[in-house]
Amino acid sequence: GENVEQHPSTLSVQEGDSAVIKCTYSDSASNYFPWYKQELGKRPQLIIDIRSNVGEKKDQRIAVTLNKTAKHFSLHITETQPEDSAVYFCAARPLRPNTGNQFYFGTGTSLTVIP
Amino acid sequence: NAGVTQTPKFRVLKTGQSMTLLCAQDMNHEYMYWYRQDPGMGLRLIHYSVGEGTTAKGEVPDGYNVSRLKKQNFLLGLESAAPSQTSVYFCASSRNLAGGLGDTQYFGPGTRLTVL
Chain A
29 GENVEQHPST LSVQEGDSAV IKCTYSDSAS NYFPWYKQEL GKRPQLIIDI
79 RSNVGEKKDQ RIAVTLNKTA KHFSLHITET QPEDSAVYFC AARPLRPNTG
129 NQFYFGTGTS LTVIP
Chain B
2 NAGVTQTPKF RVLKTGQSMT LLCAQDMNHE YMYWYRQDPG MGLRLIHYSV
52 GEGTTAKGEV PDGYNVSRLK KQNFLLGLES AAPSQTSVYF CASSRNLAGG
102 LGDTQYFGPG TRLTVL
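Residue numbers (the numbering used here), protein chains in the order written: chain A, 29 to 143; chain B, 2 to 117.
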């Protein structure tokens, strides 16, 4: 099955700096890559996603890049703010028949933005 | 539109007790999922369902059973709880993949379960 690795597990940045979180995946059938943000005690919420026919996607201060050849994708947060502090999860979805849109999650990155 | 809801929010069980967690969604989604979240291990899929009356095993199904009698509900059962099942449980739902749409999974608020 799919194996998703995520690094780093913890990340501290100064407010206003950029943060980068990297994930690798193993299954070449994966074609959808969402990123979730989870604040303490809350549910994971989708912040951005990318499909395999796109190399980069941006939404205000958040961007995701995908390198299909190398099987890795990254989340970039620019001009970080204290409210960006949370745990971020990447995921990969192999597109296979009758597998119910299964996601395989990374182990998470705890981001702390220091004011 | 409440999205995905879960009951209860918290529960404490003794070893060997049983319980059922309820997930409900009002988005008319075909697919539903149960995950467990443990520190440092991300979200791991327990069971999932691609439609009413169907269920399938995920990555960590042992010790759990599920049922999807109605499209909007997905139940997770623990027949004989063990301390190793102490975790936060999340339900999620998504549309089916017809035409390549409906990829996103939407999560419920979670149930924190402690087994003593």
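Treat each hint with caution, since some may be false.
What the hints assert, rightly or not - In silico BS3-like links for lysine-lysine, alpha-carbon gap of 30 Å or less: (1) B:58 with A:96; (2) A:86 with A:70; (3) A:99 with B:58; (4) A:85 with B:15; (5) B:72 with A:86; (6) B:58 with B:71; (7) A:50 with B:15; (8) A:86 with B:15; (9) B:72 with A:85; (10) A:86 with B:58; (11) B:10 with A:85; (12) B:72 with B:58.
These aren't lab readings, by the way, just hints derived from the structure by calculation.
Results for each hint:
1. Our distance criterion of 30 Å between C-alpha atoms is met by residue 58 (chain B) and residue 96 (chain A), whose separation comes to about 28 Å.
2. For the given pair, residue 86 (chain A) sits about 25 Å from residue 70 (chain A) by alpha-carbon distance, which is consistent with the 30 Å threshold.
3. A distance of roughly 26 Å separates the Cα atoms of residue 99 (chain A) and residue 58 (chain B); the hinted pair therefore holds under the 30 Å criterion.
4. This hinted pair does not check out: residue 85 (chain A) and residue 15 (chain B) have alpha carbons roughly 48 Å apart, beyond 30 Å.
5. Distance hint between residue 72 (chain B) and residue 86 (chain A) is unfulfilled; the C-alpha atoms sit about 35 Å from each other, more than 30 Å.
6. Restraint check for residue 58 (chain B) and residue 71 (chain B): the C-alpha separation of about 18 Å stays at or below 30 Å, so the hint holds.
7. For the given pair, residue 50 (chain A) sits about 40 Å from residue 15 (chain B) by alpha-carbon distance, which is inconsistent with the 30 Å threshold.
8. For the proposed pair residue 86 (chain A) and residue 15 (chain B), the alpha carbon gap of about 48 Å is over 30 Å, so the pair is violated.
9. Between the alpha carbons of residue 72 (chain B) and residue 85 (chain A) the distance comes to roughly 34 Å, so the proposed pair goes past 30 Å and is violated.
10. Of the supplied pair hints, the one linking residue 86 (chain A) and residue 58 (chain B) is violated, its CA atoms being roughly 35 Å apart against a limit of 30 Å.
11. Proximity of residue 10 (chain B) to residue 85 (chain A) is assessed by CA-CA distance (about 35 Å); at most 30 Å being required, the pair is judged violated.
12. For a cut-off of 30 Å, the pair hint linking residue 72 (chain B) to residue 58 (chain B) stands: about 18 Å separates their Cα positions.
The structure shown violates the earlier hints numbered 4, 5, 7, 8, 9, 10, 11.
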